Structure formats: C-alpha cells, structure tokens
Amino acid sequence: MLTRRTAIAGMLGTAAAYPASRVLAQGGAAPVKIRVASVISAAWLPLWVAKDKGIFLQHGLDVEIMTVQNLSTTIGALGRQLDISGATAIDIVKAAAGGLDVVGVSGNTFETAANQQMRLIANSQSGITSIGQLHGKTVGTPSINGVVHIATLLGLKRAGVDPKGVRFLEMTFANMADQLKAQRVDAVEAVEPFVSAMKKAGQIDLGDPMLQVADPVTLTCWMANGAWARANPDVIARWIAALDEARAFIAAHPKDAREILAKWTRLPGEVIESIVLPTYGTSLTAKDVAAWVEATRETGQLGTALNASSLVLK
Amino acid sequence: MRSMLSRAAAAFNAPALATAVALLGLWEVGVRTATTRFEFLPAPSEIGEALYGAIRSGQIIGDSMHTVACAVAGWIVASALGAAIGLALAFSPMVRRFFGTSLELLRPLPAVAFVPVAVLLFGFTVTTEITVIVFASVWPVIVNTVAGAKAIHPRLLDTAATLHLSRMQRLGKIVLPAVLPSAMVGARVALGLALVVAVIAEMVGNPAGLGWGVVTAQEALQPGLMFGYLVATGALGVLLNACLRASFARLFPGIRELAQS
Chain A
26 MLTRRTAIAG MLGTAAAYPA SRVLAQGGAA PVKIRVASVI SAAWLPLWVA KDKGIFLQHG
86 LDVEIMTVQN LSTTIGALGR QLDISGATAI DIVKAAAGGL DVVGVSGNTF ETAANQQMRL
146 IANSQSGITS IGQLHGKTVG TPSINGVVHI ATLLGLKRAG VDPKGVRFLE MTFANMADQL
206 KAQRVDAVEA VEPFVSAMKK AGQIDLGDPM LQVADPVTLT CWMANGAWAR ANPDVIARWI
266 AALDEARAFI AAHPKDAREI LAKWTRLPGE VIESIVLPTY GTSLTAKDVA AWVEATRETG
326 QLGTALNASS LVLK
Chain B
32 MRSMLSRAAA AFNAPALATA VALLGLWEVG VRTATTRFEF LPAPSEIGEA LYGAIRSGQI
92 IGDSMHTVAC AVAGWIVASA LGAAIGLALA FSPMVRRFFG TSLELLRPLP AVAFVPVAVL
152 LFGFTVTTEI TVIVFASVWP VIVNTVAGAK AIHPRLLDTA ATLHLSRMQR LGKIVLPAVL
212 PSAMVGARVA LGLALVVAVI AEMVGNPAGL GWGVVTAQEA LQPGLMFGYL VATGALGVLL
272 NACLRASFAR LFPGIRELAQ S
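The listed protein sequences derive, respectively, from chains A and B. Quick note: the working numbering has the first sequence finishing at residue 339, numbered continuously throughout. Quick note: the working numbering has the second sequence finishing at residue 292, numbered continuously throughout.
So that you can see chain B by itself, here it is in the shape it has in the complex:
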C-alpha cells in the first residue's frame, strides 16, 4: 500500500496539472468575456456541469462501457490477427509474394471509408463497429511484428538450426521472445487507435456509445454535453493506456519498451 502511494506521488506531475488548470482558466475567461458568444463553444464550467449530470444519471457510464467493450474487443482481435499476419509476412516468402502488395495497398486507406461497406454487410450493428476497429488497429501490430521478426539476429536462427529445433520449438524459444517487445509496442499504439475509431464508427455506423452520444448531444443543442462526451473519451484513452502499461509491466517485467510512456 505504501509503495503504491509513493508510486502515485512520484507520478504526480504538478507543473502539468498547473498548466492544464491555467489553460482551462483562460478558456473560461475567454468565453465569458468574448464579444461574440458561440453556441457550440461552451465554457469549461458548462462542460463540467453537463458531464457531472451525465455521470450522475448514468448515461455517460453506459455509453462509455459500450465504447470500451467494443474498442477492447476490436483491439484483441486486431492484436491476434496482426501478430499472426506479421509473423506470416516475416517468415513466409509465399505469403509475402501473394499478399504483401495487397496489404500495402490497404494499409493507408482510412478506416472510416469502410464504414458504408461494413454497414452494407452487417447493418448498423456492433459487428460493423468492431470490424472497422479491427481494420484500423491491425496495422501497427502487423508493422511492429514484422519489424521485430526482421530484427532477429541470423545467428539465433542458425543456432536453432544447429540444435535441430522443431518449427514450434523455434517459434516458442526464439521467435516469440524476440518479437514480443516490438509487437507489444504495436499493440499499445493499436489500443489508442481502437478507441478513436470506435467513437468514429459509433458516430456514423453503429448508433451507440460515446460517439453516438456526441451526435445526439449536438442534435439536441447541448454543446456542454457534447464536449463532456469528448472529455470522457480522452479520459478513457488515458485510463486504457495506463491499464495496458500496468498489465504489460506486470506480465512482462523484463521488457523495457513497454514500461516507457
């Protein structure tokens, strides 16, 4: 308990907090003293009030749970799929020859462009949302897995051949330990993307969760609540990243890359 408290105290960043408070104060004063008052640029106090109301009513909690559940589900699928595709691309010349170009063509395409296609296939459903999340967040995992695999020193693979290790033994004893740090970094990037894309997919594809909350608050002429949803999205992003870092640090204490912020 004491170590947890000391860790929390060490993590407390007073200058960052002071900067945030100062910026919010400037925003508040700016809105209240402006000669032109914009309907959809509320003061932080209005946003806070709307957010508090939405938390108390449970509205934003339910929406957050939906978004997080979809983002995490999509991220798990993307991580598993990305690692498998990455390993296949790194170690199979045939997979690289047949699929390499197609994957390179798909990679730069914006995930949101696939929402109409996903709606056509799956309707305005959770399946649509998760499909779009997987499409967007699979790429960092693939790229990092390939990079990790290619960075394996050839001597390690030569040693495995000398020791007559089977394919599964080579995978478990050499490839996976070598690829894991890089793949996990990709997975961390993918989690942030998964949350962002979940919100976008909810705005245009699956009417639920935080994204749909933003749309309905805007349609209902409630800018404070609309910004409240955005604040909740940002807070969830920070929370998910912190959870992931803590989980990785506990599961893989020897991997330095995962402990970095």
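Extracted from the complex, chain A is given alone in its bound form:
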C-alpha cells in the first residue's frame, strides 16, 4: 500500500531523478498540482507508469494519486477534493442524468473483440452454456447498474432473456471464483485477471456482452468536474499527452510496466506475469459515450434525455 512515507520517498526519488530543468520544462513554470483518484486494477497502469516514470512532471503536472475502493464515490468530490477521477462511461452518464456537471476528459481502456477483458462465466456444474439460458438463474455482479452490469443486461435482452427474470447479487471480483465454486451463483460478470483463473478452473465462458454495446467500446475513462475541465484545457492537454507517453512506455517496456503494476496492485508474481493487459487509449469521443447512453436507455436504466456530446470535453 502507498503510505505517506513511501509517497514522500517516491517524491524525493522522482525529484532526484528529474532535475529542475526537466520538471520546469513547461515554460519555466512550476508544475501544476492535480489530485487524481483511481482504484486498484490493471486498467489504471498508464496513470501509475506516468507517475513513477516522471512523465507527468515532464509535462508540467504534479499528480497526487489517491487510491479508493469505489470510483462512483469520487463523483461528489470532483471539483472539490479531486480534480480528475477514473471512471466508466456509465458513471458519467449516471452523473449527468442526476444533473451533475461531470465530463469525460480522456479515454483509458477499450474493450475490443481482439482483447476482451470482460466475460460472463457460468458454473461448469450448472449446465449453462449460453447467455440465453440465464432466465431464472442467479448472477454475481460487481456493481448493480455499473458498466459491467449494464453490458450484461444488454446481452441478456438481446439474447431474448428478460433481465427481470434474473436475480443479481453484488460481490467483489475477488470473491466471484469462490461463490461460483460453492454454487451460490450460477454465473458471474467477471473481468481479467479473474476471467483467466476461472476459465483455467474449468468454468464455462458465456461470451463478452460488452461487445454488444460497441466494438471497440470504451470500458474505463477519466472524468472531471465540467467547470474545472473547461477552465483548464491546457492541464487536460498535458494530462492526455502524459498518458499517451505512458501508454507508449508500456508497449515498449512490458517488463518494467509489469513491475510498476506489481508495486501498485501487490498482485502475486504469477498473476502479474500472466495478466492480459487491457487495450489502452486516450481517445474519448461523443460517439463512445453515446454507445453507453443508448445501452443504458435500451436496458431501461435511463429515463432522461441526454446529449452525449455535452458529456465529453470538447
């Protein structure tokens, strides 16, 4: 865990590694301090790489990272205690539907047919082999009405299953394998690296309902308070540039990147070695968010009219 002591040591180390001439590369000005929240998941690796490799400082940003348990709790803190927070497109849609001024400022990870992070996994003893057989069954979900859940609702609907005929139970990703094994649930909405472990244990892959939303589709992104983001376009531009550079670093130095992942997630070595990293990208357009607005509406979870272009920083 990142303690105050390690954070201070990290900052001192960074200061030593990156002399003032580089830190103050942005026209000689002191770096802009921004406070950023994320959760513990491989999705946020570009953030940690940009921080640990001093890429943010090179772009004139002094980023303070706060790791939280649930990103949906950060929405209220945006523009106050936080400047930017990790999010899913659904978080932005829900915040906007609730009348909050929140915008997506950049993309982070994408779900694609070539790199699928999400899966519906069924118990091998349940006899379930397709999503269409989930009627009357119990499904474990990480978050009711979260991004993974909305994708599942859409997948069920398009497979001809009434989502109201399925019982959903909230549980953490880490507990899903045990719940499936104990047959407390018939299927779970899982993501990597848990998907690989469950498939290895012989559980049944029912497919990736997220690709029903779009392909490729935005899975995670970065959000900010609208007023703050509109007032700080330069900071957002630097933020995106730093994340793009971090993404390039991950592609060029996979071993170093996985070391950083191990440091921040504390996952066991074998998991770090085998984990399939998501597809990273900073692009976030109105079309990306519109796909989720449409999915949310189609599943009956959105009653208000939303203009996707107003949910993304122009």
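One or more hints might be untrue.
[Claimed, not checked] Straight-line distance between alpha carbons at most 16 Å, and here's what the computed EDC-like set of lysine to aspartate or glutamate pairs gives:
hint : chain 1 : residue 1 : chain 2 : residue 2
1    : A       : K225      : A       : E295
2    : A       : K280      : A       : E295
3    : A       : K182      : A       : E195
4    : A       : K182      : A       : E295
5    : A       : K206      : B       : E70
6    : A       : K280      : A       : E298
7    : A       : K288      : B       : E250
8    : A       : K339      : A       : D126
9    : A       : K280      : A       : D126
10   : A       : K224      : B       : E70
11   : A       : K339      : A       : D259
12   : A       : K225      : B       : E70
[Stated by the list, open to error] Over the 10 Å line for every Cβ pair with chain B, so calculated as not near, a few chain A residues:
hint : residue
13   : G157
14   : D187
15   : T290
16   : T304
17   : Q326
18   : G328
[Unchecked claim] Away from chain A, derived, C-beta distances all over 10 Å, residues of chain B:
hint : residue
19   : W58
20   : F69
21   : G79
22   : E80
23   : V99
24   : V126
25   : S133
26   : L136
27   : L188
28   : M234
29   : L261
30   : R276
31   : S278
No lab work stands behind these hints, which were simulated from the structure alone. Note that this is a predicted model, so its numbers are computed, not measured. Ideal placement from N, C-alpha and C gives every residue a C-beta, glycine not left out.
Use these hints to put chain B onto chain A, whose structure you have.
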C-alpha cells in the same frame, strides 16, 4: 511485580484457550481435507504466516496505529459530545423539546450510510473517518448519560436546593458523580463501536489503516493477509478494551460497573 503476575495468572483462562486452539485445529483440518478448496477461505496457518510477515515488514503496525489513533480520537470527541448532549437532554426541557425528536430520528441510522455525505464534505480524509466514528459512537454515551441523570434520586436534588448550591456546585457535587458510572459504561461500549466503524470508514471513505489493508489484500488476491488484518482488528479491540478497563479501574476505583468485563 508479584501482584501483577498473580493477577495475570488469575486472569489466565485455560478452558477458553483450549477451546480456541481446538476450533483453530478443526478449521485447519477442515480446510486441508475439504474436497473443494476456496481461494478466500485460507487455513489458520496461512493466516498466521501472512500476519507474521506483515508484522515483520511493519506494514500492519503502521496501519494499526492509524486505525487506533482515529478510533481513539473519534471516541474522545464522541464521549465528550455524548456526555454534554446527554446532560443537556436530561436537565433542559428546552433542549429536549427542540432536539429530542431529531436525535431519536438520527440514532437508528447506520453510520456507514453517512460515509458518502462525509466524503462529499471532507473528501477521502481522516476528517471523514473521524466524523463517521463520532456519529456512530456518540449514541451509547448519550443514552447512558441520560439514563444515569434520570436515575438521580430527587431527594439529592432537593438537598442541593435546600443547601442553596449553585448550578456549578450541583453539577460537580451531585450530578457528575451520579452520572459518571453510567456514562463510563456508555463510553466503553462506544470504544468498541469506534474501532469497528473506523475499519468500515477506512474501507469505503478514507483509504488508510486496517480497513484499507483488508481491501487492498483482497484486491491483491492475498486472502491470508486479508484475514490477518481481521485478526489484528479483533486483537486491537481486546487490547483497547483492556486498556480502558485498567485506566478506569485506576482512575475511578469506587465504580463497580467499570471493573466488570
């Protein structure tokens, strides 16, 4: 020194220890012989190993210090606030008339429901954590203080009036000595609650301490360490209660209620 040792020997409960060891043994055998092995139900030996590693690295010590500091800070505020509110409710009809219903409405609400509100006001900070702890642990102190105040025999107050004692004299010579045992019992209950709520607040509101340790161990797929954090929380609860009992017994030797476990 000899009296301390004899007290420790008298406190040693061999049957309880034997029961605990037997239960741990059953747990160990059960996990090792089970046909289905659950990832997040480790054997006690794995938990012990993870806990030992976390103690040696200092990780769990630092986290424990954070949690205890927040729990104690919240408990001190809750105790002072609870005693003041309790006395005001017991002796002021006006306070009772204006605030009694509101307090009764707030009392049954779960403290964890206030975490999002506290995060909104104070961010993911220690202030959030302490605010939630105070909210949860103030109620036993209020309730016990009111009960203690209401149990004061009217004749004592009549005597105070006959002797023309001032309001402060009445408070110091009659009310506080009468209320103290009951208020202290409330404070003891509040301390246990403060620790539990501190861990919960750290899990969802302030990412630090033992609660956050539980979350990160779970996310890091380290069930042994996750249970190790829970063991540490339980041990701290016992330790804090023992410290409080010892402190109360020394400070207020005449109050029997505080010496009871």
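Results of checking the hints against the structure:
no., hint, verdict
1, A/K225 x A/E295, "14 Å, holds"
2, A/K280 x A/E295, "13 Å, holds"
3, A/K182 x A/E195, "20 Å, violated"
4, A/K182 x A/E295, "37 Å, violated"
5, A/K206 x B/E70, "10 Å, holds"
6, A/K280 x A/E298, "9 Å, holds"
7, A/K288 x B/E250, "13 Å, holds"
8, A/K339 x A/D126, "14 Å, holds"
9, A/K280 x A/D126, "39 Å, violated"
10, A/K224 x B/E70, "15 Å, holds"
11, A/K339 x A/D259, "13 Å, holds"
12, A/K225 x B/E70, "14 Å, holds"
13, G157, "28 Å, holds"
14, D187, "32 Å, holds"
15, T290, "6 Å, violated"
16, T304, "22 Å, holds"
17, Q326, "20 Å, holds"
18, G328, "22 Å, holds"
19, W58, "16 Å, holds"
20, F69, "4 Å, violated"
21, G79, "19 Å, holds"
22, E80, "14 Å, holds"
23, V99, "16 Å, holds"
24, V126, "33 Å, holds"
25, S133, "24 Å, holds"
26, L136, "23 Å, holds"
27, L188, "49 Å, holds"
28, M234, "6 Å, violated"
29, L261, "15 Å, holds"
30, R276, "32 Å, holds"
31, S278, "30 Å, holds"
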